[in-house]
Amino acid sequence: MTSSKLTLAASVRDEIRSHARDGAARDPPAEVCGVLVGDRTTTTISASLPVSNVADEPRVAYELDPAETVAAFDEAEAAGDEVVGFYHSHPESAPIPSAADREQASWPEYVYLICTPDGRLTAHEWTGDEFRELDIAIE
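Residue numbers (full-length UniProt numbering): 1 to 139.
These aren't lab readings, by the way, just hints derived from the structure by calculation. The reader is advised that the hints may include incorrect statements.
Okay, the calculated beta carbon distance ranges per label pair [claimed, not checked]:
#	residue 1	residue 2	range
1	ALA10	GLU133	18 to 26 Å
2	ALA25	PRO108	32 to 40 Å
3	SER93	ILE136	12 to 20 Å
4	GLU57	ALA137	29 to 37 Å
5	ASP74	ASP27	29 to 37 Å
6	GLU139	ALA100	18 to 26 Å
7	GLU77	GLU109	14 to 22 Å
8	PHE73	THR42	13 to 21 Å
9	ARG40	SER11	26 to 34 Å
10	THR42	GLU75	25 to 33 Å
11	ALA137	PRO28	29 to 37 Å
12	ASP14	GLU133	19 to 27 Å
13	GLU77	ASP27	34 to 42 Å
14	ILE96	GLU139	19 to 27 Å
In this text, a Cβ means the ideal position worked out from N, Cα and C, and glycines have one as well.
Sequences are here, hints too, so could you generate the full structure?
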């Protein structure tokens, strides 16, 4: 990825915010996660596909369910789209990559979007060594 900007469909932003609020409303609160679908060339997100969080401690970490993630990749490909990245929520902290997020990141040049229950969003590209923040344009 060479762009420093992520274009996010307003409908996808709203879906991710709703998913983040649902996770925060659980007892205890839990991070939610999913796959971002669209066009990698233009770094445009046109859809999100929720995936179950199977982390041992979902309140402070996320781990995409492997089978659901493969199904999401297949669904994106069948629709003629690409997986652009992944999203997850921080139900009790700021939308900045945590130490756990850095340890978990394993897809260089993919987008990692973080959302809070109050709707704040940040997007980052994983370079393989660090997260590089991206500007977000809502369309």
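Comparing the hints with the structure gives:
Taken as a hint, the range 18 to 26 Å holds for the pair ALA10 and GLU133, whose Cβ atoms sit roughly 21 Å apart. Taking 32 to 40 Å as the suggested C-beta distance range, the pair ALA25 and PRO108 conforms, at roughly 34 Å. The given range of 12 to 20 Å is respected by SER93 and ILE136, whose C-beta atoms sit roughly 19 Å from each other. Checked against the hint of 29 to 37 Å, the C-beta distance between GLU57 and ALA137 comes to roughly 34 Å, which is consistent with it.
Range check, ASP74 to ASP27: about 33 Å between beta-carbon atoms, so the 29 to 37 Å window is met. Look at GLU139 against ALA100: about 31 Å separates their beta carbons, and that is not inside 18 to 26 Å. In this structure the hint that GLU77 and GLU109 lie 14 to 22 Å apart at CB holds, the actual value being about 18 Å. Between PHE73 and THR42 the beta carbon distance is about 19 Å. The supplied range of 13 to 21 Å therefore holds.
The hinted window of 26 to 34 Å between ARG40 and SER11 is violated, with their beta carbons roughly 20 Å apart. Hint check: THR42 to GLU75, Cβ distance near 20 Å, so the stated range 25 to 33 Å is violated. Distance hint for ALA137 and PRO28: a CB-CB separation of about 34 Å, consistent with the stated range 29 to 37 Å. For the hinted restraint 19 to 27 Å between ASP14 and GLU133, the CB-CB distance of approximately 22 Å keeps it satisfied.
In this structure the hint that GLU77 and ASP27 lie 34 to 42 Å apart at CB holds, the actual value being about 37 Å. Taken as a hint, the range 19 to 27 Å holds for the pair ILE96 and GLU139, whose Cβ atoms sit roughly 24 Å apart.
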